[in-house]
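Dock chain B against the given chain A, drawing on the hints supplied.
Chains as they are written, first to last, in our numbering: chain A, 509 to 903; chain B, 509 to 903.
Straight-line C-alpha distance at most 35 Å; calculated DSBU-like pairs for lysine-lysine: (1) A:LYS892 <-> B:LYS764; (2) A:LYS866 <-> A:LYS892; (3) B:LYS867 <-> A:LYS586.
Source of the hints: derived by calculation from the structure; they are not laboratory data.
Spelled out from the first residue to the last, the chains are:
There are 2 protein chains.
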Amino acid sequence: MPAIAGVRLATAEAGIRYRGRTDVLYVALDEGTEIAGVFTRSRCPSAAVDWCRANLASGRARILVCNSGNANAFTGLKGRDAARLTAEVAASAAGCRPEEVFLASTGVIGEPLDARKFEGVLADCAGRAAPHGWLEAARAIMTTDTFPKVATRSIRIGETSVTINGMAKGAGMIAPDMATMLSFVFTDAAIAAPLLQDLLAEGAATSFNCTTVDGDTSTSDTLLLFATGQAGGARIESRDDPRLAAFRDALDDLLKDLAQQVARDGEGARKFVTVEVGGAESDASAHRIAMSIANSPLVKTAIAGEDANWGRVVMAVGKAGEPADRDRLSIWFGGIRVATDGARDPDYDEEEASAVMKKDGVTVRVDLGLGDGRATVWTCDLTKAYVEINGDYRS
Amino acid sequence: MPAIAGVRLATAEAGIRYRGRTDVLYVALDEGTEIAGVFTRSRCPSAAVDWCRANLASGRARILVCNSGNANAFTGLKGRDAARLTAEVAASAAGCRPEEVFLASTGVIGEPLDARKFEGVLADCAGRAAPHGWLEAARAIMTTDTFPKVATRSIRIGETSVTINGMAKGAGMIAPDMATMLSFVFTDAAIAAPLLQDLLAEGAATSFNCTTVDGDTSTSDTLLLFATGQAGGARIESRDDPRLAAFRDALDDLLKDLAQQVARDGEGARKFVTVEVGGAESDASAHRIAMSIANSPLVKTAIAGEDANWGRVVMAVGKAGEPADRDRLSIWFGGIRVATDGARDPDYDEEEASAVMKKDGVTVRVDLGLGDGRATVWTCDLTKAYVEINGDYRS
Numbered sequence: 509m510p511a512i513a514g515v516r517l518a519t520a521e522a523g524i525r526y527r528g529r530t531d532v533l534y535v536a537l538d539e540g541t542e543i544a545g546v547f548t549r550s551r552c553p554s555a556a557v558d559w560c561r562a563n564l565a566s567g568r569a570r571i572l573v574c575n576s577g578n579a580n581a582f583t584g585l586k587g588r589d590a591a592r593l594t595a596e597v598a599a600s601a602a603g604c605r606p607e608e609v610f611l612a613s614t615g616v617i618g619e620p621l622d623a624r625k626f627e628g629v630l631a632d633c634a635g636r637a638a639p640h641g642w643l644e645a646a647r648a649i650m651t652t653d654t655f656p657k658v659a660t661r662s663i664r665i666g667e668t669s670v671t672i673n674g675m676a677k678g679a680g681m682i683a684p685d686m687a688t689m690l691s692f693v694f695t696d697a698a699i700a701a702p703l704l705q706d707l708l709a710e711g712a713a714t715s716f717n718c719t720t721v722d723g724d725t726s727t728s729d730t731l732l733l734f735a736t737g738q739a740g741g742a743r744i745e746s747r748d749d750p751r752l753a754a755f756r757d758a759l760d761d762l763l764k765d766l767a768q769q770v771a772r773d774g775e776g777a778r779k780f781v782t783v784e785v786g787g788a789e790s791d792a793s794a795h796r797i798a799m800s801i802a803n804s805p806l807v808k809t810a811i812a813g814e815d816a817n818w819g820r821v822v823m824a825v826g827k828a829g830e831p832a833d834r835d836r837l838s839i840w841f842g843g844i845r846v847a848t849d850g851a852r853d854p855d856y857d858e859e860e861a862s863a864v865m866k867k868d869g870v871t872v873r874v875d876l877g878l879g880d881g882r883a884t885v886w887t888c889d890l891t892k893a894y895v896e897i898n899g900d901y902r903s
Numbered sequence: 509m510p511a512i513a514g515v516r517l518a519t520a521e522a523g524i525r526y527r528g529r530t531d532v533l534y535v536a537l538d539e540g541t542e543i544a545g546v547f548t549r550s551r552c553p554s555a556a557v558d559w560c561r562a563n564l565a566s567g568r569a570r571i572l573v574c575n576s577g578n579a580n581a582f583t584g585l586k587g588r589d590a591a592r593l594t595a596e597v598a599a600s601a602a603g604c605r606p607e608e609v610f611l612a613s614t615g616v617i618g619e620p621l622d623a624r625k626f627e628g629v630l631a632d633c634a635g636r637a638a639p640h641g642w643l644e645a646a647r648a649i650m651t652t653d654t655f656p657k658v659a660t661r662s663i664r665i666g667e668t669s670v671t672i673n674g675m676a677k678g679a680g681m682i683a684p685d686m687a688t689m690l691s692f693v694f695t696d697a698a699i700a701a702p703l704l705q706d707l708l709a710e711g712a713a714t715s716f717n718c719t720t721v722d723g724d725t726s727t728s729d730t731l732l733l734f735a736t737g738q739a740g741g742a743r744i745e746s747r748d749d750p751r752l753a754a755f756r757d758a759l760d761d762l763l764k765d766l767a768q769q770v771a772r773d774g775e776g777a778r779k780f781v782t783v784e785v786g787g788a789e790s791d792a793s794a795h796r797i798a799m800s801i802a803n804s805p806l807v808k809t810a811i812a813g814e815d816a817n818w819g820r821v822v823m824a825v826g827k828a829g830e831p832a833d834r835d836r837l838s839i840w841f842g843g844i845r846v847a848t849d850g851a852r853d854p855d856y857d858e859e860e861a862s863a864v865m866k867k868d869g870v871t872v873r874v875d876l877g878l879g880d881g882r883a884t885v886w887t888c889d890l891t892k893a894y895v896e897i898n899g900d901y902r903s
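Just chain A, with the same shape it has in the complex (with noise of 0.2 Å):
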């Protein structure tokens, strides 16, 4: 991962619930960074959720927080305060005000998060916040993540050289409905701050939202892209600048990156599943039956069990509430047609079949012979490591 000029990090041991490893991750910002969010829609979002959302619209960050550990989520009046004082503490050891100061929390829910532990860490954190270690930035943000989820896009913008850096955390409770649980973005690009946010929602909307693991929304979904802006050249103020093109792709490239690390890394997963639809009467009804197959338990243990089991695709696709004629539908796992026409394939061969379950990463593709509209959403098999962590998390 190479260096994002104006960007310096450090990762440090707060104690919070683990032992022996980070938890928490600062991010120094020099002055002039201007920011983008997406957070998640629950109706029960995270205090530090509240927190970016409320400080948002100014457009400017110097300072990004985030611990492992403790999501501060439904932690009341207690957790509002935990989130000030974070950004109390972060801002008096950078000199900067707390509204500069974007934070994430992930871990337990409903835990009281004690803030005081960041005092001493955080003013450390300032004086040691370097331009490596990406990766050991991206570590202390885990959770049950088994592996630090990085990637990196170099562009031309113009005269400029341009890069995008951008980590994530996530495993479980992902299924992201404005963003992941936690991905941060860090560029030299001189991007206006509310360009940014337009280029980021929709970004978010074909990466992190194309994401399931298990269905269940987390509290605490926050997508941060922050733009320095040192990379030199002109900032980028319109939408109509032909220099965004390369910006926004390599961005949307970069953000499907990180969201299939994400689903590859699904808690208990031992396969990467592509599902991809056509032939749906829209694309958000073909989006919306490709998250119906790749939320099914049914189809995701049959995976896990390396069967073709495509007759549960048919019944995602039935249960989806989205138009679809039984008889015009077929599917295919991997190159192999296993039904059309609303029947069994009569050419297809289950040896064949077998073959292509067996391999660790799955295509599902639906073909709905109705219209144009098509979606590509990533997910992961289910299987009895996934029902393991998850019944042992808290204790």
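Positioned in the frame of chain A, the structure of chain B alone reads:
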């Protein structure tokens, strides 16, 4: 289970899929039997569901044939032919019209059903059908069920003694949208078919439609109610008939009993879970929130792990998309209030909550503090056994 005048049962081994167990239920209904039915809202319904829907309008039934092992769903034109052939075979053995034969099939989706297997079997069933054998009947329609599900109620309608017997099957792919997997209810009451239809649809709304095992709606959900009228007494034809109330209460109660048995026998289930939501803006809103909780894999795995993880209940309330105010929310496990006013209950004792979670039946109660809307739904925990059963069902 008592006999119902006008109803005779037989079971048989047709060797459709299983070996060494019965897989066909044959029910002979005396002339004059009226029928009501509600079916899956899946866009990909089974051939048997199509057949029943097409013939329901007459309000008359003479035979019910149900097989397990093969759902005759997504079987195209062949599936339609198989349904028709089954009805013709049954009708010729009993001397009625094929349109008076009602069908249900449950088991694997997408495999052609060889209806010729019914030929000798149904004629034989017609010859030996008898008023008793209700448990054997319920056993013949089981798939992954671990016990046969039956219920009976006896009431007075005016001067007449009336009996209602019901059976159900279903353990997975249970999120009935109109009815459950399969349930058949029989009564000797004399009630006109259109009225019977209203009662059944209303009864399904507070019973089977309040049940979920895995959120996956079947292609084959079928709930049929047969009324032979042989108890005597004048036929009830109007909603205003004062005799109707007792029947309706008994029917609703019996449907709830069967629906709860289905949830209790959810695939891999070790715990029966009741989710009660109150204080919502409307009953419909309460129902959607209750279903969001009951379908959450994270809530269900926590219950399997005997973990009073109310943070996940907060999550499931938040993701439901219904009006909710985080800071007015209260949550109970059993009688223990674990959260109130948007945060952990200060008086809550983890030991007490743990004791509640160890029981075979767990009640999750949520009060939203917004209005008078209420709903109760039933489900089960999500265990490794669910994953095991469904990773290896077809093979």
